Each structure stands twice: as C-alpha cells, then as structure tokens.
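Turn these sequences into a full structure, and let the hints steer you where they fit.
Letter by letter, the chains look like this.
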Amino acid sequence: MTDPAVALEKITKTFPVPFQRRVIVALRDVSLRVSTGEIYGLLGPNGSGKSTTLKIILGLVSPTRGQVQIFGHDAASAQSRANVGFLPESPYFPKYLTAAEMLSFYGKLCGMRRRELAKRVDELLELVGLTAARDRRLGTFSKGMLQRIGLAQAVINEPEMVVLDEPTAGVDPAGTRVIRDLILELKRRGVTILLSSHLLGQVQEICDRIGILANGALVRDGRVDELLIAPDQTELVLEHASPQLVDRISKAAAEGGASVIRAAPRHRSLEQVFLEATTEK
Amino acid sequence: MSGRRPVVSLRRINAIALNTFTELTRLKVFYFLLLFALLLIGSSALMARITFQQELQVLKDVALGAMSIFASLLAILATARLLPQDVEDRTIYTILAKPVERFEYLAGKLGGVLLLLALSVLLMSVVFFVVLFLRQQTLLAETARQMTGLPSAEAADAQANIRHAGVTTTLVLAIVIIYCKAALLASLTLFISTFATTNIFTIVTTVFVYFIGHLQGTAREYWLQNAGSTVGRRLFLGAIALFFPDLQLFNVVDDVAAGAVVPVTLFAKTAGLGVAYTAIYLLFAWAVFYRKEL
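Heads up: the sequence lines are chains A and B, in that order. Numbered per the numbering used here, the first sequence spans residues 1 to 281. Numbered per the numbering used here, the second sequence spans residues 1 to 294.
Certain hints may be false.
Straight line, CA to CA, 30 Å or less: simulated DSS-like cross-link-like pairs of lysine-lysine [as the list claims (entries may be wrong)]:
#1 A:143 x A:119
#2 B:28 x A:95
#3 A:251 x A:187
#4 B:28 x A:143
#5 A:95 x B:292
#6 B:292 x A:10
#7 A:119 x A:95
#8 A:187 x A:143
#9 A:187 x A:119
#10 A:10 x A:119
To be clear, the hints were calculated from the coordinates, so they are not data collected in a lab. On a predicted model such as this, the values are computed, not experimentally measured, just so you know.
Here it is as structure tokens:
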C-alpha cells in the first residue's frame, strides 16, 4: 500500500509563554491524512493553527506530541522534504536575483545538476508565463508575478507534493485565476496539493477535500461535495420560469409536505462579473 | 529523488554561500566601510616620518590595524543581519522547506561571509602591499643617494634594514592571522544570532565578547598569579576560554608590524586556533538552531 502524502497522528503543539508557567495550545490532537494526487484545503480563522500545521508538516516546527509522516518519512528529516515544494504566504525573494537566477538557486538546493536545471528553469518560466521576465530582477515584480515565480520555485524539483500557504493572498482576481489554473495544472500532472486559504469560494472550487481548524482542533474533515450537502434540501434551478410557474411549484411542494425556502433570480459570482468587466475588449 | 542522501552536501552549502555572498555584496554600507579602510591604508604612507625604518613601521602599524578593525567590523556587521533578515523575509522557510539540513544552511551562510571577508582582505592587502612597496622603493633610492661616498658595507646594511622593514613574507602570514580572527568573529556572531532576538543584541553581545576576549588573557594571568593555580581554577578558566576566545593571541600581528621575528610555528598555532574556534562556534550555532522553532 502506498504511503499517504501526509499523515498527521494526534498532533498537539504547545508554545510556552515566556516568564510564565502557562502554555498556549496551538494544535490539539489533530489527525488528518492527505492522499496522493488530491487537492486538500486547510481552512480556519486567523489563529486557528493553519500555519502551525503547515510548518509542522514541513519540519520547520516540531510537534509537542504526535507523529507526522510525509510520504512515509518522519517530517523532521530533510529526506521528507525531498519530494515537497513550499510557497509561504506573501513570500519575499531576493530582489537582487533575476527570475532565472532565483529558480537556479532553489534547484541547486534540491541537488539538481546544471544541465537538468537549465532545462527545468525554461520549462517553469513558460509554465508560469514569465519567460519574458526571465532576466528581470525580482525587485521589479508585481505581487502576482512574485506568487507565480514562488510557485515555480516550489515545483522546481518536480515534487510529488506542494504546500501552499495562502497562495492568492493579496493577488488581484486575474492573477488569482492564473494561480488557480496553475494549481489545477499541477493536479493534472499528478502532484498532491495541500493549501491553506481564507478564500472559501476558491477552496470550494478547486479542492477535493478540506479540513476546518478552529481553536487548534480539526472540527471538519472530508470531501468538499459531501461536506456541502444539506441532506434535507434539494436545489432546483429553472431557466425562463414565469412567476406563475414558480407559484405553482411552491403550491405543489406544499401539497407534498415540503416548502420552497427561496425563489429568486440566480446571482453570478462577483469574480465572474469582475473578470468579465476587466477582460472586455 | 529517492535513495540515500549524503549527510552534508557541499553543493548545497556552496549554493547558499554564493547566494549569501551575492546578497552581502549588494549592500552599499559595506562599500563605504571598505572604501574608508582602503583610504586609511593608502594614506598610511603620509604618516609620521622620523627614520626610514620607523616610517615603514608606522605605515605597517596603521595599515594592518585598519585591516584588522575593518575585517572584524565587517565580520560582525555582515553576519549579524543574516538570520534575522531571512526570518523576516520568510526566505528561510523556502530554503529549509527544500531538502536542506540546518547545518548546511548555517555553514552556507558562514561560507558566504568568509568569502566576502576573503575578498575584502585580499583587496586591502593589494593596496597595502602596493603602498608599502612603493614607499620602500622610494626610501631605498633616497638612502642610496644620501649614502653616496660612504663605505659600501654601511650602505648595504642600511638598505637591508629598509628591506627588512618593508615587504616581507611574514606580512602575508600576519594578514592570514587577521583573516582567521575575522572568521572566528563571524562564526561567533552567527552563533549568537541563533538565539538573539534582534540584530542589535547580536552586535552588542559580540562586541562584549570581543573585549572580554582581548582582556581575558591578562585577567587570567593576574588571577593565577595572585590566587594560585589549582585544577579547579584551571578547568574553570578552560570553560571560560571555550566561550570567550583569547583574542590577545592574535596580537602577533602587532609584533610583525613592529618588525619582531615571529616563528612560523606561532603563526600556524594562532591560525589553527582561529580555525578551531570558527568550527566550534559553528557547531554551537548548529546545536541551538537544530531544533529551533521557525
């Protein structure tokens, strides 16, 4: 049986408060699994423990109790990160490096050889749409471009899993869409993706499974479609329905012991309106 | 990507070192420091002129002193900012999220500083040797002119004295010692920065250790002379010496500037001490950083 990409077993993380006897509990008994090839979204309000969870997975922070395995390796070992890429929230990359130099630097850290690396850098710049900016210093990049080059560095060594912390934070809707498409492209290539985000609509759209953290505990974990089902409700979307037809349906529903909760014109998402308006010729 | 990984990868250390070196060379403040040091070394030729030998000695004193101070200052200031800056910029997360051991990260950072120090010391040495050589040649010519008519043995003796006080291979060894001391200070700064909370704390603490390091040799001798040498006291002093290096030993550079004959073995011992302390502080830094929560 293949190892899951991520396996957290009863993880608890506490941080001691300096000069006091008490501790802050960041995570309590969190267990979750991310299967290979899926997109897993980690949700939760600020301070719920999302970043701590990601840092534990990446070996940047050690759990106080519990076990973490990445593709079967202990998360504390550097070996566990050989197949993992990471894009932190609002990353900063050395301004003095060009896009190609930055990717080469991260490739070398992954032990890549010069020839293999040169090819991979070209390929990735193409993938994230930054070929034209190849020799531009990162100091001149926009936020969206930085996120894209950040994503490229995360996958420089063709990892089996990518961890993305708020990958679209501070990026405009058009840039967000590019990043979302890149994430879906990575999934198509078989890469496992673990991301944290506040953008619920986006998570709902691209994630296969989600986990919701609240006060350091995992309060929901499962497939998006299953979690979103309201078992006692049925959605009926009509096109060209007259008010009389809607009225007749409401009456029929009442006769059958059901009730129409809402009957109103269907709204498009703000993102759809925004993208339509900003890409109009 | 599977298979056994080497415990420590020189390729990764090298990549981090070169990146750190590039990062540091982009900081303008160090250019000002270097320019200041070069000006000081260059102008040392204009200092006090009493006798020919004394003039060269003053030149060497000023130049080697400037090199030592600048190299030490550069080592402390450049290293103190490395870790906090990486944490603040979150670059440390992207680096350590790659299959990079924490020791490799620290060794790479130190390597970058050592490269910068090597380049700076080399540049200062070139200026120093050029200034010293030119001055020496001028003095030789002046001596030859002034001693025209005197017995040739006397003239040869005077010229030999000037040559002895001028460019010698011992000066190269003294510069190596200056570099070793700067490397030691860089490693010490790196160690302190692994547990420090701010840059200022790192710099101030390192400067304190620097002064203690310069004074501890005298204090130790005074204490042992007055209180007597027991095994307990020696062990205690040994422990102190582990954390506070006896920087007075590096004053061998002053003896070279003064024209004293310094045996090569003493140079080797001092350089060895510098290398050993650099390695020890790097290991201390790793011990603190190994499980540090980032």
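These are the hints, each one checked on the structure:
1. Straight-line distance between C-alpha atoms of residue 143 (chain A) and residue 119 (chain A) comes to about 26 Å, which keeps the hinted pair within the 30 Å bound.
2. At most 30 Å may separate the alpha-carbon atoms for a hinted pair to count; residue 28 (chain B) and residue 95 (chain A) meet this at roughly 14 Å.
3. A C-alpha spacing of about 46 Å is found between residue 251 (chain A) and residue 187 (chain A), which places the hinted pair above 30 Å, so the restraint is violated.
4. Between residue 28 (chain B) and residue 143 (chain A) the CA atoms are separated by roughly 26 Å; this keeps the pair inside 30 Å, and the hint holds.
5. For a cut-off of 30 Å, the pair hint linking residue 95 (chain A) to residue 292 (chain B) stands: about 27 Å separates their Cα positions.
6. Distance restraint check for residue 292 (chain B) and residue 10 (chain A): the Cα-Cα separation of roughly 22 Å lies within the 30 Å cut-off, and the hinted pair is therefore satisfied.
7. Proposed proximity of residue 119 (chain A) and residue 95 (chain A) is supported: the alpha carbons are some 23 Å apart, at most 30 Å.
8. For the proposed pair residue 187 (chain A) and residue 143 (chain A), the alpha carbon gap of about 23 Å is at most 30 Å, so the pair holds.
9. Straight-line distance between C-alpha atoms of residue 187 (chain A) and residue 119 (chain A) comes to about 22 Å, which keeps the hinted pair within the 30 Å bound.
10. A hinted pair counts as satisfied when its Cα atoms are at most 30 Å apart, and residue 10 (chain A) with residue 119 (chain A) does not qualify at roughly 42 Å.
Taken one by one, the earlier hints fail for this structure at numbers 3 and 10, listed in ascending order.
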